[in-house]
Amino acid sequence: VLGAASLISIASQPAKDQPTPPTHTDHADGHGGNLMVGDVDPNNINHFDPTAMLTDWDYGKVSQMPNGQTLREFEIFAGEKEIEIAPGILFPAWTYNGRVPGPTLRATEGDHIRIHFTNGTGHPHSMHFHGFHLPQMDGLIPVPSGQDFIYGFDAVPFGLHLYHCHTLPLKRHIHKGLYGGFLIDPKVGREPAHELFMMMNAFDTNFDSANDVYAVNTVGFHYQRHPIQIKVNELIRMYVVNITEFDPINSFHLHANFFDVYRTGTRLTTNEYTDTIMLAQGERAILETRFKYPGQYMFHAHISEFAELGWMGMFEVSE
Amino acid sequence: MSDTTLTTPVEPKPRSVSRAIWAILPLILLAGVIVLFVSGGTIAPTTAKLPPIEELSISKVLLPAPDQMIVHVTNSGPQPVTIAQVIIDDAYWTFSVEPNNEIQRLASATIKVPYPWIEGEAHTVSLITSTGAQFIASVPVALETPAIDFKTFLNFALIGLYVGIVPVGLGMMWHPFMRGLKRRTLDAILALTIGLLVFLLIETASDGIGIANRIPGTFRGLILFSAGGLLSYLLIQIISSRKRSKKDEASNRLNVSRLLATGIGLHNLAEGLAVGAAYASGAAALGAFLVIGFILHNVTEGIGIAAPVAEDQPPLKTFLILAGLAGLPAILGAWIGGFIYSDIAAAIFLGVGTGAIVQVIVEVGKMLMRHAQRDNASVTSWRNAIGFTLGLGIMYATALLVAV
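Chains as they are written, first to last, in the working numbering: chain A, 1 to 319; chain B, 1001 to 1404.
Here chain A stands alone, though its shape is the one from the complex:
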């Protein structure tokens, strides 16, 4: 008799109906415990800093061609390098000029581009540029280990483009880090703005064809730990490129604000006024906005999984 009563208490114990109280780790910035422990010191292993990458434009060595055209020459070296993509997590990357993403090459519409490419890795690699060029400049022919190649073409059309390795197997060659931004400014120019380069990328750390760390400019949650500094009312122009492998799409969502979208940046008129934009693999867009009020504004992929796996950051707007 005593036993029967106690048994019921045993049976009902696990089913107790208790609301989960808020976690004590809830932070004012609203991401709770969803973070990586520690930080990535850019001077330690990487020798590149996602914050610096936002505004780090490579204009190349500039000179004048006999026909009056501006010539921009770039030295690109493909190397093997272990990089820290999240605090404590090392990734065996292939890099252009020792960084992921590679340098953001910037030219003006109509310039002539000359790329001195050297492959310093043990595998064949190439550089495939989005834009107009001759088929032999398309980067489909791999440059063998230890050899070099000179790519030459005119910078057209204006807009936000990219370059990446086009050696097979493609997924592996791209996602290991061989990609970068290629920005062609229109001849007429754009309104002066606080410009930011954002490469949405991801890393498959255990090589199971699924990403484990998502980020903007390589380091997961970097802008969560180091918010991007912005002034109230200044024009912000974000050059957003999606190079995420394995997942068909990625997205960009801005909190408490909207932005003008210039898809691929190839027209000077806006396509859309929104707060969330979806980009397929290799797609890119220029986003323009202003912040009216000071404070912290979150931005992240509106694919919650990507956001919680590192693709989340903050703008810190001040007077």
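Treat the hints with care, as some may be off.
To be verified - Stretch by stretch, here's where chain A covers chain B in the computed footprint (C-beta under 8 Å, at least three residues): (1) 1084 to 1091; (2) 1094 to 1101; (3) 1131 to 1139.
What the hints assert, rightly or not - For the chain A half of the interface with chain B, some residues (derived, Cβ under 10 Å), not all of them: (4) I85; (5) P92; (6) D185; (7) D204.
As the list claims (entries may be wrong) - A short list of chain A residues far from chain B (calculated; beta carbon distances all over 10 Å): (8) Y59; (9) V62; (10) P66; (11) H112; (12) H130; (13) L268; (14) G282.
These are computed hints drawn from the structure, not numbers from a lab.
Remember, predicted model here, so these are calculated numbers, not experimental data.
Glycine included, C-beta positions come from ideal geometry on N, C-alpha and C.
Following the hints, position chain B against chain A.
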């Protein structure tokens, strides 16, 4: 005399000093070889550029409070492993590691994650190492892990009581009834006992091997299980043969009952372990139906224990001791399973149980054969065969009620 020693040469015994040298020399050389290998050089060509081999085994995921997740992990690989980040349900989460993020070979660590897990739902824990490797454990049904306080201690004791003492005691209460039965019928009951034991043997051994197989390879679970079995068989054999040699037939019968109680007790310890662990991890809600199932299932064990002494009239005290031997270990098992469960300990316990049951089958079998000799009959009679089948059948049928 001196001639004989010359003609038949006897190898001179080495002096004690040189013997000592021969004892130590291999050790010195062994140390030298190890130093040589550790210092590199010798095997460098085979290890150069090899990626690190990482192996972590997550032994337990505990949910001690609504906002807490505790992960117990052991480095079962050949090299130190550093836990870089923790992902819960596809989200990076803040965490802390005791004693250190870097876990040495065969060392263990405890990871605390302040994760708001949801009662009754499934969660996935992934530990991501410095090389990007991932080690994953799942929580099939999230339930708060019982705290080690007096109330849960008592609750687990109660589980053990229902699995052990209660059914065994009830079964033994058939003893006065059995006393009135014919010898041949009693023999059939002994055969039934063997059927029951064979069932327990298969169950205990397969559970043990199953657990042994999920233990990380480094710890060699099957060896632990088998060693537990062989050593317990040997130990019980030694103890029981020493007792038997001294005493008369009646005390020999009591001895078989004692062995039965011990073997069944070890099985019940393992059963308590399984129930306790399942209950603690939320894999089983111990409802009334399950407990009734256990009582029906284990009642047969009581009959088995009482069967060898059916002709005798042991005092009540003896019955209480037998019931305690067979039933109390279930309480101990439930405590261990509920509070400090480990696969390694479970594999050893189940091995011990397996060995004990084999030993008891041998003993009861011998007893049955002695009875057959005494009555000038065959052991393999229809009656005994039916008894054996009935024992196996009853256990099988009642086991359908206790799927944990």
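Task: List of violated hint numbers, smallest to largest - done: 6
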